[in-house]
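Those protein sequences? They're chains L and U, same order as listed. Per the numbering used here, residue 65 is the first one in the first sequence, and the count goes up by one each step. Per the numbering used here, residue 571 is the first one in the second sequence, and the count goes up by one each step.
Just to be clear, a hint being listed does not mean it is correct.
[Stated by the list, open to error] Computed cross-link-like contacts, DMTMM-like style, restricted to lysine to aspartate or glutamate with a CA-CA straight-line distance of at most 25 angstroms: (1) K596(U) / E401(L); (2) K594(U) / D255(L); (3) K602(U) / E408(L); (4) K618(U) / E414(L); (5) K341(L) / D329(L); (6) K615(U) / D248(L); (7) K622(U) / D329(L); (8) K593(U) / E256(L); (9) K596(U) / D294(L); (10) K614(U) / D329(L); (11) K622(U) / E207(L); (12) K119(L) / D651(U); (13) K411(L) / E583(U); (14) K596(U) / E414(L); (15) K622(U) / E414(L); (16) K602(U) / E400(L); (17) K602(U) / D255(L); (18) K592(U) / D329(L); (19) K387(L) / D294(L).
[To be verified] Ranges between beta-carbon positions, derived for each pair: (20) R355(L) / D613(U): 42 to 52 angstroms; (21) K593(U) / R422(L): 16 to 26 angstroms; (22) P371(L) / D575(U): 36 to 46 angstroms; (23) R645(U) / D166(L): 19 to 29 angstroms; (24) E236(L) / R629(U): 47 to 57 angstroms; (25) K593(U) / K387(L): 41 to 51 angstroms; (26) K592(U) / P436(L): 19 to 29 angstroms; (27) K592(U) / R422(L): 26 to 36 angstroms.
It is worth saying that the hints were derived from the structure and are not from the lab. Every residue, glycine too, gets a C-beta built ideally from N, C-alpha and C.
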Amino acid sequence: MADNLPKTPQLDELEKGGWPSFVKEIKMAAKGSPMAVDLLGQLEQSYTEKIGHWKHGGIVGVMGYGGGVIGRYSDLPDKWPNISHFHTMRINQPSGWYYTSDALRKLCDIWERHGSGLTNMHGSTGDIILLGTRTEELEPTFEELAKIDFDIGGSGSDLRTPSCCCGQSRCEWACYDTMGACYDLTMHYQDELHRPAFPYKFKFKFSGCPNDCVASIARADLSFLGTWRDDIRIDQDAVREYVDRGMDINEEVISRCPGNCMEFDGKELHIENSFCKRCMHCINIMPKALRPGTDTGATILIGSKAPIIEGALLSSVLIPFYKMEPPYDDLKELIEEIWDVWAEEGKNRERVGEFIQRVGMGNFLDAIGLDPVPEMVAHPRENPYVFFEEDEDEDEDEG
Amino acid sequence: MKSVDEVADAMYEMVKDAQAVKKKLKPMDLTKAMIATYGDEVDKKLCKAAIKELINSGRCVYTYFGGSFIEIPHREGAAND
Ligand code: SF4
Ligand code: SF4
């Protein structure tokens, strides 16, 4: 089959250089996949004409599910019949993206039987992306995946597949069990994941510390960032070792501390923890000497999104510190309160962050029954979205 | 309280009427309409169960056109045979 590959001079350019090439991968898949052959042909045509040749489908899916399948059709089905249907399936990845080789082989075998054999590990939501299949193959693929304990993920106006960093399974800085929290909330909200009922998408992302390896603060409607509320642990011997080995501690660490709260007197490092911003900079630079504290949990932030309808937003603080211990009952209550208000009042395709911007954070907090706290203010006097009303008693007292 | 089937039937009629005039309804549109029509005889939980019933029975399907909607199954315009 590889001998029958269409001529692809433009795509071939993308095989040059030392970086991985998706063209190389599609050509490899084309040895056994007629879909991959036609995909190369259509893609080359698109590059030549500078026109995309995909049509969006909005109905295909598996029975009972409203998300996880993204319909695609070629608008040149006579020329490229093998990709006349080319639907994508999003499959819920395991927490922390851990697989056994056996699981990966089974996944690939299923996809070679039912689809193009092409995968994208992983999509920006975190899912396993299976690229290219026909409508009649969706149910059989779903059934086979279910037999090896994989399920479809989210798409459309639903809870998108939650994702997390590897957390305590490998990382010494994890301030809570990211994988446990991600798994718990994924299982608890199966209905919300598979049955779109929101104004638009909603994402949870769990990072175990402020390094935020899953970019939760930029990409999740509800961001969980591990943090600590006691003091950074310091091993003074290890600090001195860094200095003795030539580290310019003033230049590399102290002058770059955004809390301006560190001091080194030549022998000992002092941190005024009440001014620490929990940014991780010092810990990242001196991992042998510094560690997060032991009273750990997460800061929960709300409202980030990438630019699609409106511009990009970063999350802002909702709960400054939450212990993140199962069964997360009060967290679930809060999440459902947020969904209730947003589902009721949100406009079509309005992310929760945009909704908060429209109604005002003060009104939003009021509606979900949360009191404002100073940590919600990004910069003093800059975003005074909360107005503290004087109550009548105070008026009387003053009078 | 209304039964799940009664609410599902009423929702189905709404979806059918909307589709006849090429209008798409979201799950929340159906829920709000049921609460407006039946008042205390329904609540959000019941409406959620009714939508589940509509979808699981195959009478309706979820569709995606920019946002997610509930429709009666039909051949989509973009589909290739
Ligand atoms: S976010 Fe923090 S805890 Fe999670 S993997 Fe990255 S550094 Fe480790
Ligand atoms: S974590 Fe950041 S703010 Fe806190 S002491 Fe270290 S560098 Fe300073």
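### Query
Which of the stated hints cannot be reconciled with the structure, identified by number in ascending sequence?
Numbers 7, 9, 10, 18, 23, 26, in rising order.
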